[in-house]
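Residue numbers (our numbering), protein chains in the order written: chain A, 9 to 312; chain B, 9 to 312.
Everything hinted at is true.
When chains are identical, the list treats them as one kind, so a pair holds in a single copy or across two.
Within a straight-line C-alpha distance of at most 30 Å, the following computed DSS-like cross-link-like pairs (lysine-lysine) qualify:
hint: 1; residue 1: Lys291; residue 2: Lys193
hint: 2; residue 1: Lys300; residue 2: Lys210
hint: 3; residue 1: Lys220; residue 2: Lys233
hint: 4; residue 1: Lys204; residue 2: Lys299
hint: 5; residue 1: Lys291; residue 2: Lys220
hint: 6; residue 1: Lys167; residue 2: Lys233
hint: 7; residue 1: Lys147; residue 2: Lys161
hint: 8; residue 1: Lys138; residue 2: Lys204
hint: 9; residue 1: Lys138; residue 2: Lys220
hint: 10; residue 1: Lys210; residue 2: Lys220
hint: 11; residue 1: Lys103; residue 2: Lys58
hint: 12; residue 1: Lys193; residue 2: Lys287
hint: 13; residue 1: Lys210; residue 2: Lys296
hint: 14; residue 1: Lys23; residue 2: Lys210
hint: 15; residue 1: Lys161; residue 2: Lys220
hint: 16; residue 1: Lys23; residue 2: Lys193
hint: 17; residue 1: Lys233; residue 2: Lys204
hint: 18; residue 1: Lys121; residue 2: Lys69
hint: 19; residue 1: Lys138; residue 2: Lys121
hint: 20; residue 1: Lys103; residue 2: Lys138
hint: 21; residue 1: Lys145; residue 2: Lys69
hint: 22; residue 1: Lys287; residue 2: Lys233
Please keep in mind that the hints were generated in silico from the structure rather than gathered at the bench.
All values derive from a computational prediction rather than experimental measurement.
Take a look at the letters that make up each chain.
There are 2 protein chains.
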Amino acid sequence: MSLLIVGSIALDNVKTPFGEHQNILGGSAIHASNAASFFSSVNLVGVVGKDFPTEHLHFLKKRNIDTSGIQIKKGKTFHWEGYYEYDMNQAHTLKTDLNVFADFDPIIPDNYKDSEFVFLANIDPTLQLKVLQQIKKPKFIMLDTMNFWIETKKDILLKAINSVDLLVLNDAEARQFIDTPNLIKAAQELLATGVKKVIIKKGEHGAILFEKDNVFVAPSYPLEKIIDPTGAGDSFAGGLIGYLSKTNDLSHANLRKAIITGTAMASFNVEDFSLNRLKSLTKTEITKRIKKLKNITDFELSEI
Amino acid sequence: MSLLIVGSIALDNVKTPFGEHQNILGGSAIHASNAASFFSSVNLVGVVGKDFPTEHLHFLKKRNIDTSGIQIKKGKTFHWEGYYEYDMNQAHTLKTDLNVFADFDPIIPDNYKDSEFVFLANIDPTLQLKVLQQIKKPKFIMLDTMNFWIETKKDILLKAINSVDLLVLNDAEARQFIDTPNLIKAAQELLATGVKKVIIKKGEHGAILFEKDNVFVAPSYPLEKIIDPTGAGDSFAGGLIGYLSKTNDLSHANLRKAIITGTAMASFNVEDFSLNRLKSLTKTEITKRIKKLKNITDFELSEI
Chain A
9 MSLLIVGSIA LDNVKTPFGE HQNILGGSAI HASNAASFFS SVNLVGVVGK
59 DFPTEHLHFL KKRNIDTSGI QIKKGKTFHW EGYYEYDMNQ AHTLKTDLNV
109 FADFDPIIPD NYKDSEFVFL ANIDPTLQLK VLQQIKKPKF IMLDTMNFWI
159 ETKKDILLKA INSVDLLVLN DAEARQFIDT PNLIKAAQEL LATGVKKVII
209 KKGEHGAILF EKDNVFVAPS YPLEKIIDPT GAGDSFAGGL IGYLSKTNDL
259 SHANLRKAII TGTAMASFNV EDFSLNRLKS LTKTEITKRI KKLKNITDFE
309 LSEI
Chain B
9 MSLLIVGSIA LDNVKTPFGE HQNILGGSAI HASNAASFFS SVNLVGVVGK
59 DFPTEHLHFL KKRNIDTSGI QIKKGKTFHW EGYYEYDMNQ AHTLKTDLNV
109 FADFDPIIPD NYKDSEFVFL ANIDPTLQLK VLQQIKKPKF IMLDTMNFWI
159 ETKKDILLKA INSVDLLVLN DAEARQFIDT PNLIKAAQEL LATGVKKVII
209 KKGEHGAILF EKDNVFVAPS YPLEKIIDPT GAGDSFAGGL IGYLSKTNDL
259 SHANLRKAII TGTAMASFNV EDFSLNRLKS LTKTEITKRI KKLKNITDFE
309 LSEI
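The shape of chain A in the complex, shown without the other chains (with noise of 0.2 Å):
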């Protein structure tokens, strides 16, 4: 099925405690574009400045990417900077330059109005239903978000998230939303607003999904060593639609594939800098992946 994946093209500057790097390729858009390019085409719509590199559109053109919904502007790509410490779960902002992204208008292209999968990366909810005016026959929509528009445009992005299927976010984010610090208890109120589906990112504690009669616990992949946790959570949000597309069955079951899948994502993007694990991954290193995941939440059923 053809995906459409809208949210922002950005060169970070980021240090960890394993190293340090300037104007590396980054971004909500990116890191979901080429984590679902393993199962599907993707098209995707951002914005980049004049100083945004050829190479790294040729890269996104090699990987299945459409970049022709890519809008090159007069200025600068989008930029932050940011470290994490030792506790990698913290990213510390040392700078956001929003440049050419703070007038980010995002047309689709013609020739995407059909995609029948559409991942709202994190950006204005404004822009997010803008987006949704111009698809014709979504089949699937899911929508990020973060704390800025919960705090600053909260009954926009109601309305946003009420014409999706799946919302998702973070825990700190779903805490925020419901000012609640149970998650179950903020996800059964999320669902009540009249958003279909719901997925919690928990980070290193993995991810639940929450449906009016369903929840899923998925595990985080258990890393020793996680080198750059920046774009884990577009990598699993890219993995989970791709996979969707590639297989074009919303069943709950396959939902659940979907999100393993987008789980074995995540845990690739973190073991290196920008997508640079991404770059050598292979189909066969996925699949042992998400065998894994199965080998380590699998139980039998105890006899009380």
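Fit chain B to the supplied structure of chain A, relying on the hints for placement.
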């Protein structure tokens, strides 16, 4: 099989957003014994003061817990006062009166010395070693500890954990023990010290078992309302070793079942204050919850 549990017996004052109770039955050995008693008879060793209500002893006896190992000393029973706020993951201690527990000498009655399964709940590691010296032919020993012993008696604690089959500790303790934020690394380094198996308890995020060649990631049971988290970790441990004692099967597959059984017992324990929920709990309810834990974690392999 015969199961020995050694630890604290307490009368607690507990306040949570859902209520406040004075002098309610608590303590690590109490929570663990009661959870275990659904699967195995229990030999309990601990100490109480003259103030300890005989009704509690009757209750324990009715639950198939042998109380002849409970020492009744002049003075008052161990007393903990604490509260939980909005975030139920965090216990706030107001007061700890060790009372008779300060001079606890864990003398194992002769008829307990043949116990094959042993749970050394959290007490001074010197005393944990003293218990082990009295046991004739243990088949499986599990040990819990806490931050205080990691800080103050690390060498003796290391000796104790190297004398047992399974170390259980929570995430903060594991990080503290190895001085790393990465739990997977902490567990691997704990194994490297010589301990055979490690379980890291992560509260609402479940638990992970680590062996040399095996990892098992267990979920927690998703609860929208937690009434009182006190004793959750000990109920987990009690359910786990109670199930092992019942089945007398130390295979890795059975240990996974035992962990899930412990997970179910912990989830019931937090549904009410003290042991109240366990008083009405049935085996049918436990079986149902374990099936639910299977249901919420099960998935088929993706086709990549």
